[in-house]
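**Q** Each chain, letter by letter, is given below.
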Amino acid sequence: MERIRTILAAFFIISTVFIAGCSDNSGNKAQSEQQNGQITTNDQAKNEKESSDKKNIKQVKATVYFPDENGQKLIASDRTLNTEVDDKYLAAVKVLLQGPKKGEGIAVIPKQAKLLAVSVDKNGIASVNFDNALVKNFSGGSTGEIMLVGSVTDTLTNFPEVKAVRFLVDGKPLETLSGHLDLTEPVKRMKNIL
Amino acid sequence: MEFKLGSKDSQYILQVNPQNKKELLLTFPGTKIKNTSQRPITLDGSLAKSVKFTNENGSGRAVVSLPYDADTVNYKAYIINNADSRRRNSSVLAVDISKKAAVLSRSLQAVAGHVIVIDPGHGGSDSGAVGPDGIMEKNVTLAVAKKVYNILVNNGATVIMTRTVDKDVYAPNASAVQELQARVNVGEYTKNTDIFLSVHANSFTSPSANGTETYYYQSSSQGEKLASLIQDEMVKSSGLNDRGIAAANFYVLKHTSMPSALVELAFISNYREEGLLNADDFQEMMAEAICRAISRYFQAD
Ligand SMILES: [Zn+2]
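Chain order of the listed sequences is R and P.
Here our numbering is used: the first residue of the first sequence is 1, the next is one more, and so on.
Here our numbering is used: the first residue of the second sequence is 1001, the next is one more, and so on.
If you are wondering where the hints come from, they were derived from the structure by calculation, not from laboratory data.
Each hint should be verified, as a subset may be incorrect.
What the hints assert, rightly or not - Derived DSSO-like pairs: lysine-lysine, alpha-carbon spacing no greater than 30 Å straight-line:
no., chain 1, residue 1, chain 2, residue 2
1, P, K1191, R, K172
2, R, K188, P, K1254
3, P, K1191, P, K1167
4, P, K1236, R, K188
5, P, K1225, R, K136
6, R, K191, P, K1254
7, P, K1236, R, K191
8, R, K73, P, K1191
9, R, K136, P, K1167
10, R, K111, R, K101
11, R, K73, P, K1236
12, P, K1225, R, K191
13, P, K1254, R, K122
14, R, K73, P, K1254
15, P, K1034, R, K163
As the list claims (entries may be wrong) - From the structure, some residues in chain P lie toward chain R, with a derived Cβ separation under 10 Å:
no., residue
16, S1065
17, P1067
18, Y1068
19, S1206
20, E1213
21, G1244
22, A1247
23, A1248
24, V1252
25, S1257
26, M1258
27, L1262
28, F1267
29, Y1271
As the structure is a prediction and not an experimental result, all values here were calculated from the model.
A virtual CB, placed ideally from N, CA and C, is assigned to each residue, including glycine.
Could you build all of it, start to finish, from the sequences and the hints given here?
**A** The following block contains the structure:
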């Protein structure tokens, strides 16, 4: 786990600098190195960069979504994510687990659920891996299921490079949460509840 | 049914029990019934289940239990004065009960000849959502689905249920896809299935969430039409919060090839609606609403 974290952090430094350095954020690493001569994979250079860009690296603005009280729409809330340890994807989903502030809607992910990992592949498919407590403690029907899946999906797809979200439980694909939604394919942004 | 009265000019009142829509009360003010201790008389059950005699507040009363709500039948009471009763200084009171068959079948006649698959959500190892009082979604969905089945069959439709008892359709603790696909398969493998309807009760983290909603699959305009008719009829009957219809990527909607809809009758996680979902008359009302909508769907076809 510690190792994975370190790697994620390293990758993130590169992509953050790249985003700060050019307006086209297609997320292509090779392209970023080409366009921004300052970035190399050399550790020393990276460390120098890290200290000078410390503020940019640690804080990323994001929008997170919690369901309203009646389970009909998601409420958008702005957050500044601390990405010192987690990358922005992991940090954003962690905000959902922490729950909303007053007036931001209600918490929908079971308190017992643990978030194991969030990753985004080169095709823009995010994978969100929870432990089994997510399913075991989930009590929602159709509405609960739509709101939980929508909350995670719409929060992650709000990063323009994320196109869809795949749900995993203990590393295995989740087919459905409570017997309604078909989760066997990555879920695209759920616009009809925004 | 006929009641032999000891007096020629007995007064009587026939009314629906205001506390129980499934009972007719035949009250004789100021008259005592002699044998109230006798067991209720059991009838064949098609029009009336039993008759029980009581004396209350100085009035004799016959309580007629019906297998349905009294407002779905015509009922009347009248004295038969024949030669025999005149001679014996007694009379016979007749109570006639007949189904409002004409009204019922006219509004539902369009279902005749159609093939309808009804899917009671969850079941067996999957209880579905559970309400604050412990009412389980799987039992509510089965009860309502059975009522839908009866109404549709009585009106000439061919109806297939994905399950008729409390069990998993595929196997206990199977994967979600196996279980949901097994339900879809009932629709796919039944010959000429016209529509597929899945019945559920809703649930949400917040206990205040309430109301009725119906889902369809995005690309199905027929499914959308079916959903909108069902939603319309359910809300008209129940008066519950109208959450409207919505497209949803639900497994059984996505994988069925015929028009389909998934109804969320009410919220089992809401204390008040949990009580409704568990009540027989609410279940009957929603079942009737769903059937009227199905008939309208085929009418408009
Ligand atoms: Zn359900």
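**Q** Run every hint past the structure and note whether it holds.
**A** Structure-based check of all given hints:
1. At most 30 Å may separate the alpha-carbon atoms for a hinted pair to count; K1191 of chain P and K172 of chain R exceed this at roughly 36 Å.
2. A threshold of 30 Å between alpha carbons decides the hint, and for K188 of chain R with K1254 of chain P the separation of about 15 Å falls inside it, so the pair holds.
3. Distance check on the hinted pair: K1191 of chain P and K1167 of chain P sit about 24 Å apart at the alpha-carbon level, within 30 Å; holds.
4. A C-alpha spacing of about 34 Å is found between K1236 of chain P and K188 of chain R, which places the hinted pair above 30 Å, so the restraint is violated.
5. Taken as a hint, the K1225 of chain P and K136 of chain R pair is broken in the structure, with Cα atoms around 35 Å apart against an allowance of 30 Å.
6. Between the alpha carbons of K191 of chain R and K1254 of chain P the distance comes to roughly 18 Å, so the proposed pair stays at or under 30 Å and holds.
7. Proposed proximity of K1236 of chain P and K191 of chain R is supported: the alpha carbons are some 29 Å apart, at most 30 Å.
8. A hinted pair counts as satisfied when its Cα atoms are at most 30 Å apart, and K73 of chain R with K1191 of chain P does not qualify at roughly 39 Å.
9. At most 30 Å may separate the alpha-carbon atoms for a hinted pair to count; K136 of chain R and K1167 of chain P meet this at roughly 20 Å.
10. A C-alpha spacing of about 15 Å is found between K111 of chain R and K101 of chain R, which places the hinted pair at or below 30 Å, so the restraint holds.
11. The hinted pair formed by K73 of chain R and K1236 of chain P meets the criterion: a straight-line CA distance of about 24 Å does not exceed 30 Å.
12. As the CA atoms of K1225 of chain P and K191 of chain R are separated by approximately 21 Å, the hinted pair is consistent with the 30 Å bound.
13. A threshold of 30 Å between alpha carbons decides the hint, and for K1254 of chain P with K122 of chain R the separation of about 28 Å falls inside it, so the pair holds.
14. This hinted pair checks out: K73 of chain R and K1254 of chain P have alpha carbons roughly 22 Å apart, not beyond 30 Å.
15. Only pairs whose Cα atoms come within 30 Å are accepted, and K1034 of chain P paired with K163 of chain R is rejected, the gap being roughly 80 Å.
16. Interface restraint check: S1065 of chain P against chain R, minimum CB-CB distance 34 Å, threshold 10 Å, status violated.
17. This hint is violated: P1067 of chain P has a C-beta 31 Å from the nearest C-beta of chain R, more than the 10 Å allowed.
18. Proximity of Y1068 of chain P to chain R is violated relative to the hint, the smallest CB-CB distance being about 29 Å (cut-off 10 Å).
19. Satisfaction of the interface hint for S1206 of chain P is found here, the shortest Cβ-Cβ separation to chain R being roughly 5 Å, below the 10 Å cut-off.
20. Taking 10 Å as the C-beta cut-off, the interface hint given for E1213 of chain P holds, the closest approach to chain R being about 7 Å.
21. Annotation: interface hint on G1244 of chain P holds; nearest CB of chain R at approximately 9 Å, less than 10 Å.
22. The closest approach between the C-beta of A1247 of chain P and any C-beta of chain R is roughly 7 Å, which is under the 10 Å cut-off, so the hint is satisfied.
23. Proximity of A1248 of chain P to chain R holds as hinted, the smallest CB-CB distance being about 7 Å (cut-off 10 Å).
24. For V1252 of chain P, the interface hint holds, since its Cβ comes within 10 Å of a Cβ in chain R; the closest pair sits about 8 Å apart.
25. The interface hint given for S1257 of chain P is violated, since its Cβ lies 15 Å from the closest Cβ of chain R, which is over the 10 Å cut-off.
26. The criterion of a C-beta within 10 Å of any C-beta in chain R is not met by M1258 of chain P, whose closest approach is roughly 17 Å, and the hint is violated.
27. Satisfaction of the interface hint for L1262 of chain P is found here, the shortest Cβ-Cβ separation to chain R being roughly 7 Å, below the 10 Å cut-off.
28. At a threshold of 10 Å, the smallest CB-CB gap from F1267 of chain P to chain R is about 8 Å, leaving the interface hint in force.
29. For Y1271 of chain P, the suggested interface contact is broken, since its CB lies about 14 Å from the closest CB of chain R, more than 10 Å.
Checked against the numbered hints given earlier, the structure breaks hints 1, 4, 5, 8, 15, 16, 17, 18, 25, 26, 29 and satisfies all the rest.
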